[in-house]
Amino acid sequence: MDRKTIICTVVIGAAAVLAAAVGCAVGLWDIGFEPESLIGFAAIIPAVIWIFAKGLNYVNSGIYFAGIGYIMYKNLFDGFSARFAVLCVLLALLAAAVPATASAFRKEQPESAEQNEQQERIEE
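According to the numbering used here, the sequence shown holds residues 4 to 127 in order.
Be a bit skeptical, because a hint or two may be false.
Here are the computed lysine to aspartate or glutamate pairs in the DMTMM-like style, where the Cα-Cα straight-line distance is at most 20 Å [as the list claims (entries may be wrong)]:
hint	residue 1	residue 2
1	Lys77	Glu39
2	Lys57	Asp5
3	Lys7	Glu39
In case anyone wonders, no lab produced these hints; they're calculated from the structure.
Take the sequences, apply the hints, and build the full model.
Shown next, in the form of structure tokens:
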């Protein structure tokens, strides 16, 4: 990872935490926060590092969305319910859709780069 990416990630994360803290302090929203939900970051942080280091795939995407689901389960739901089941299905679909979309675009980029190089050679 380059330095600009790390700095941008830290700044965006700090701004989100600051906005949540200020919003809670002045009563703009009621966030029910359970400290146990921080365990979800044990899945999210390594998945994000893996994504930046090796690229996006189905495994690290699934781990990332599982961590998000755990945090939401602990903070937003009282227990297992139909709403949580719907959330799990949506998160599973997202976990499969994100790397599929990324791989679709990843395949198109090298082909277009090769075509551009061929066109440049023809024009010369």
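message: So if I understand the rule, the pair passes when the alpha-carbon distance is 20 Å or less; does Lys57 with Asp5 pass?
response: It holds: about 14 Å lies between the C-alpha atoms, which stays within 20 Å.
- prompt: Is the straight-line distance between the alpha-carbon of Lys77 and that of Glu39 20 Å or less?
  reply: holds (7 Å)
message: Hinted pair, alpha-carbon criterion (20 Å max): Lys7, Glu39. Please report holds or violated.
response: violated (32 Å)
The structure does not agree with numbered hint 3 stated previously, though it agrees with all others.
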